[in-house]
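Chemist: Construct all of the structure, not just a fragment, from the sequences and the given hints.
Here the sequence shown stands for residues 1 to 163, where the numbers follow the working numbering.
It is possible that some hints are incorrect.
Unchecked claim - Capping the alpha-carbon separation at 20 angstroms, the derived lysine to aspartate or glutamate pairs in DMTMM-like fashion look like this: (1) Lys-67 / Glu-156; (2) Lys-67 / Asp-97; (3) Lys-67 / Glu-149; (4) Lys-67 / Asp-81; (5) Lys-67 / Glu-25.
Claimed, not checked - Just the calculated beta-carbon pair ranges, DEER-fashion: (6) Ile-69 / Glu-132: 31 to 39 angstroms; (7) Arg-85 / Phe-114: 29 to 37 angstroms; (8) Glu-35 / Gly-78: 17 to 25 angstroms; (9) Arg-142 / Ala-122: 19 to 27 angstroms; (10) Gly-157 / Phe-114: 32 to 40 angstroms; (11) Gly-87 / Arg-16: 39 to 47 angstroms.
Think of the hints as simulated: they come from the structure by calculation, not from any bench.
Positions of the beta carbon are idealized from the N, C-alpha and C atoms, including for glycine.
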Amino acid sequence: MGEGSEARGEEQARTRDQARDQGRELSTAVVAFHEAVGAHLGVTAVDQRALALIAGRGPMTAGALAKEINLTPGAVTGVADRLERAGLVRREPDPEDRRRVVITAVPGAFGQVFAGLSAAMAELSARYTPEEQRVIGDWVVRTVDVLREQTRRLTEGRSPGPR
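Modeler: Below is the structure:
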């Protein structure tokens with residue numbers, strides 16, 4: 001292997017290590033932000049995940065939510081209680097089966113607490129060309145896929161590892 005190849009290999013290794021370290025830093029910052037959001041709203045990280053799911057997919061029964069976030073129905077009752085106390089969701093009778101309850105996100109529930117982040121991220125995104133934004137978006141989508149797969153593996157009791 002020539003000097004040029006060795007230099008390229010070393011540069012690739014440094015770049016890969018730097019990206020790994022930056023990814024770890026990003027992950028830590030996201031967790032810290034959500035901890036601060038939770039403290040501000042009086043909800044947990046699981047509560048926030050449930051709210052994001054309900055806000056994104058629309059009203060859900062407690063049973064459906066329990067399956068989606070891998071909790072027992074009793075645990076989802078606690079999640080719904082905290083979210084309702086925080087004014088982030090409403091419980092309403094299921095129009096198809098009045099014995100069940102549907103959990104609905106209050107419009108704009110996360111709005112105020114995420115307004116600053118949203119504005120800052122819009123400002124950050126504006127620094128990149130549309131092509132760069134597409135590359136960043138692709139990386140984010142693929143990263144989310146990897147994280148979901150690794151989460152599934154851990155949840156199923158399997159060893160995390162390469163896909």
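Chemist: Give a verdict on every hint.
Modeler: Each hint, compared with the structure:
| no. | hint | in the structure |
| --- | --- | --- |
| 1 | Lys-67 / Glu-156 | holds (14 angstroms) |
| 2 | Lys-67 / Asp-97 | holds (19 angstroms) |
| 3 | Lys-67 / Glu-149 | holds (17 angstroms) |
| 4 | Lys-67 / Asp-81 | holds (18 angstroms) |
| 5 | Lys-67 / Glu-25 | violated (31 angstroms) |
| 6 | Ile-69 / Glu-132: 31 to 39 angstroms | holds (34 angstroms) |
| 7 | Arg-85 / Phe-114: 29 to 37 angstroms | violated (19 angstroms) |
| 8 | Glu-35 / Gly-78: 17 to 25 angstroms | holds (19 angstroms) |
| 9 | Arg-142 / Ala-122: 19 to 27 angstroms | holds (23 angstroms) |
| 10 | Gly-157 / Phe-114: 32 to 40 angstroms | holds (34 angstroms) |
| 11 | Gly-87 / Arg-16: 39 to 47 angstroms | holds (45 angstroms) |
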